[in-house]
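Visitor: Next come the chains, spelled out residue by residue.
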Amino acid sequence: MLSTAIENPEARPPSGPVTVNAGSTAEGETTGFEPKMSARGVNFYYGPKRALKDISLDLPPRMVTAIIGPSGCGKSTFIRLLNRMNDLVPDARLEGEILLDGFDINRPACDAADLRKRVGMVFQKPNPFPKTIFENVAYGPEVNGLRDRLALEERVENSLRRAALWDEVKDRLRESALGLSGGQQQRLCIARCLAVEPEVLLFDEPCASLDPISTAKIEELILDLRRQYTIAIVTHNMQQAARVSDRTAFFLMGEIIEVGPTGRIFKAPRDRRTEDYITGRFG
Amino acid sequence: MSRRDVFQKAGFGLLWLCMAANIVFLGAILWFIAVRGLPAISWEFLTAAPRDAMTAGGIAPAILGTLYLTLGAVLVALPLGVACAVYLTEYSPKGWAVNAIRVSVNNLAGVPSVVFGLFGLAVFVKGAGFGVSILSGSLTLAMLTLPLIISASQEALVAVPQSVREASLALGASRWETIRKVVLPAALPGILTGVILSVGRAAGETAPILFTAAAFYLKGYPDSVFSEVMALPYHIYALMTEGTHPEAQTRIAYGSSLVLLALVLAMSMLAIYIRQRQRRTYHA
Ligand SMILES: Nc1ncnc2c1ncn2[C@@H]1O[C@H](COP(=O)(O)OP(=O)(O)O)[C@@H](O)[C@H]1O
Ligand SMILES: [Mg+2]
Numbered sequence: 001m002l003s004t005a006i007e008n009p010e011a012r013p014p015s016g017p018v019t020v021n022a023g024s025t026a027e028g029e030t031t032g033f034e035p036k037m038s039a040r041g042v043n044f045y046y047g048p049k050r051a052l053k054d055i056s057l058d059l060p061p062r063m064v065t066a067i068i069g070p071s072g073c074g075k076s077t078f079i080r081l082l083n084r085m086n087d088l089v090p091d092a093r094l095e096g097e098i099l100l101d102g103f104d105i106n107r108p109a110c111d112a113a114d115l116r117k118r119v120g121m122v123f124q125k126p127n128p129f130p131k132t133i134f135e136n137v138a139y140g141p142e143v144n145g146l147r148d149r150l151a152l153e154e155r156v157e158n159s160l161r162r163a164a165l166w167d168e169v170k171d172r173l174r175e176s177a178l179g180l181s182g183g184q185q186q187r188l189c190i191a192r193c194l195a196v197e198p199e200v201l202l203f204d205e206p207c208a209s210l211d212p213i214s215t216a217k218i219e220e221l222i223l224d225l226r227r228q229y230t231i232a233i234v235t236h237n238m239q240q241a242a243r244v245s246d247r248t249a250f251f252l253m254g255e256i257i258e259v260g261p262t263g264r265i266f267k268a269p270r271d272r273r274t275e276d277y278i279t280g281r282f283g
Numbered sequence: 284m285s286r287r288d289v290f291q292k293a294g295f296g297l298l299w300l301c302m303a304a305n306i307v308f309l310g311a312i313l314w315f316i317a318v319r320g321l322p323a324i325s326w327e328f329l330t331a332a333p334r335d336a337m338t339a340g341g342i343a344p345a346i347l348g349t350l351y352l353t354l355g356a357v358l359v360a361l362p363l364g365v366a367c368a369v370y371l372t373e374y375s376p377k378g379w380a381v382n383a384i385r386v387s388v389n390n391l392a393g394v395p396s397v398v399f400g401l402f403g404l405a406v407f408v409k410g411a412g413f414g415v416s417i418l419s420g421s422l423t424l425a426m427l428t429l430p431l432i433i434s435a436s437q438e439a440l441v442a443v444p445q446s447v448r449e450a451s452l453a454l455g456a457s458r459w460e461t462i463r464k465v466v467l468p469a470a471l472p473g474i475l476t477g478v479i480l481s482v483g484r485a486a487g488e489t490a491p492i493l494f495t496a497a498a499f500y501l502k503g504y505p506d507s508v509f510s511e512v513m514a515l516p517y518h519i520y521a522l523m524t525e526g527t528h529p530e531a532q533t534r535i536a537y538g539s540s541l542v543l544l545a546l547v548l549a550m551s552m553l554a555i556y557i558r559q560r561q562r563r564t565y566h567a
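Keeping their order, the protein sequence lines are chains A and B. No gaps in the numbering here: position 120 of the first sequence is 120 in the working numbering, and each next residue is one more. Converting from the second sequence to the working numbering requires adding 283 to each position, the first position being numbered 1.
Just chain B, same shape as in the assembly:
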């Protein structure tokens, strides 16, 4: 074996190890949560509201709340983020202003989530007067996920070959038609990757909804976007830090964690499914 072969073998071995480590960590987390969470899961757990000071009953309001907040965040962040990415990649003249926007988008991604929470409290809850509500929470989560969607969309847009844009323009299409009918559809799978990442992020965050949307305990279900909601991450936090029946609450907390994981995975699967279908039509 030559030196190059040795290096190549060692390189592939290292890559394999990294991948294996990843899978082991992921597997360990799933296993840990599943073993502790599964006993708590039942039909009632998934469909009923909490009872007896959250030591019994289900977590349905929290599941629903998380769904609302996540969907709300994606509904706001997706059009905004894609529009921003389109502007940055397709329209904006190159120059310091655009670079400044790019840099701030990237920095936005590094802002701690609790800061987003405070921002949401000041701007949406107080400033806009939306109160502690689904709306305020969704908007705050949207701010948080915006950088993810923008950078994924930008990457996807840049990856669309220039030759395809030229083909469209050469047929008499305007730049806007070219973007809307050719570039965006071709970039859609990549954009959906951004959505997948955002969904996971938005569903799992506690800090941004702490002051803006989440309620510790609610009897009923939310009836409008101005209602407070229960949400899974905050519910888990509350169960583990407050209350008087630690054992019963811990059991429910693990059950809730399992549900949250399943929810995030399910949403990701849905996005992956859409992306695959898109790929099948667009690519051979």
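Isolated chain A, as found in the complex:
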């Protein structure tokens, strides 16, 4: 009962949907869209340690937002807040709001599992289940109540096709997913995520453990998906951010230093620290 609230905008939380200035960002550049997701004044603490400081960031719909910054600056922490994966961390504390379509995802009426169906995540290291390829992709839809065998098979095939993996695995769907190469495993994880039909996709350094060819395939895939989903991608790789993203946010020590259209950030960074980072002078 509570869990349906998030699907249903009429079921208003006590405070009602929060109105947001359409597409305004931390530094006032407009994207021209109501953001799909946005963080408002977010502070995050691991015990006494403050990992995020006053973060405000919008994810415009059907665009790719890249999050760049040196190791340990809080990129993973931030992206994991967007689907509440940090709920699992003991002694962690969040201040501020994170909105999905204008609703606070941390309000009591919002169920974390329901949120995660709408906001999918692909992790840094490919983490397929120790199950068959088919079972991996079918898992999400099954957990979410899809029982019909034919519908399930169709969902699996479509998801694998969209993840550009179908041709490579169509003859071995009943084999263990752990027999796939690292790059294939990561695309399987993407297919598994797509099978739940999410609205937002979060990628946390999806290519960190992959070779250049597999990396190129994943990037191609993200470019393919970006007009249908709202995407956030954490990356260490500046070229990758430049290739796949529409907007880029630069994090440093838990703060957003600069955010804007990717081209502008890379060609004409406004902050000295951003420039230093993207030209490789530190980080």
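Take these hints with a grain of salt, some might be off.
[To be verified] Straight-line Cα separation of at most 25 Å, DSS-like style, residue types lysine-lysine; simulated pairs:
id, chain 1, residue 1, chain 2, residue 2
1, A, K125, B, K464
2, B, K377, A, K49
3, A, K267, A, K125
4, A, K125, A, K170
5, B, K464, B, K377
6, A, K170, A, K217
7, A, K170, B, K377
Derived by calculation from the structure, the hints in this document are not laboratory data.
Fit chain B with the ligands to the supplied structure of chain A, relying on the hints for placement.
Guide: What follows is chain B with the ligands alone, placed relative to chain A:
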């Protein structure tokens, strides 16, 4: 050869010796039992009941009794032990209470089996009124094997990578779905290792069933879980300590030992087979 090489060679040599010693001991026991037991084995020995004050006939009731008791123990201890392990590793908040449970589980493993026998007598036979029966014996053996299953299951559960749990949760699965559909299946091979160990332990123990299940001699076969049963370990004990025809009885005792060994090995093989099959599907 450098010093390091010498140490390495010596180290491997020592390991090899230990392994060889193991194999020699195991081989010696098997050989000893086989040589003395094989002459007693015949079709009648395996399928008939004892005759002539246990100096002739077979041991079928004891074989069956041991099977019942062992299966009963595993049926009780497996769900209980796995549930306990899941609670300890997946749900329980870290703290002194959980540590206390962990410590008591480990201590339970060190309790002498005859104490379990007395416990079973007091609680299941008398307290619950199950009498001397398959049920009481199985429950007592289950208590005995519980720590084995719990610790094997805990190890197996802890070995399932956190990243796999996160993957499941990130797809909108609840914690319970994650445990049931991802974590437990991945841990199953390890859990089965616990079952293998328990089967061997439960089938071979005498003391826990002495007061709770085992009968010295029965004419017929058990007809319900409330029946007394004959069981191989106790049968062997009885043959060697009582009766009037030591030679004939010793022969049967060795035959029974061989059968008991074979039974335990067969059950272990079955568990290993299941585990291997599981591994083939789950791991490349
Ligand atoms: N579970 C945790 N408990 C305590 N501190 C953490 C935890 N996860 C991350 N941190 C700390 O928070 C900071 C940000 O980490 P993270 O978000 O992983 O950085 P990034 O992904 O940018 O490399 C780091 O200093 C890290 O040590
Ligand atoms: Mg990270």
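Visitor: With reference to the structure, classify each hint as holding or not holding.
Guide: Do the hints match the structure? See the list:
Of the supplied pair hints, the one linking K125 (chain A) and K464 (chain B) holds, its CA atoms being roughly 21 Å apart against a limit of 25 Å. Simply put, K377 (chain B) and K49 (chain A) have alpha-carbon atoms about 21 Å apart, close enough for the 25 Å limit, and the pair holds. For the suggested pair K267 (chain A) and K125 (chain A), the alpha carbons sit about 31 Å apart, so the restraint of at most 25 Å is broken. With a C-alpha separation of about 23 Å, the suggested pair K125 (chain A) and K170 (chain A) falls inside the 25 Å cut-off, and the hint holds.
Note on K464 (chain B) and K377 (chain B): the hinted pairing holds, with a Cα-Cα distance of about 24 Å set against a maximum of 25 Å. Our distance criterion of 25 Å between C-alpha atoms is met by K170 (chain A) and K217 (chain A), whose separation comes to about 18 Å. With a C-alpha separation of about 44 Å, the suggested pairing of K170 (chain A) with K377 (chain B) is violated against the 25 Å cut-off.
Hint compliance for this structure: hints 3, 7 are not met, and every other hint is.
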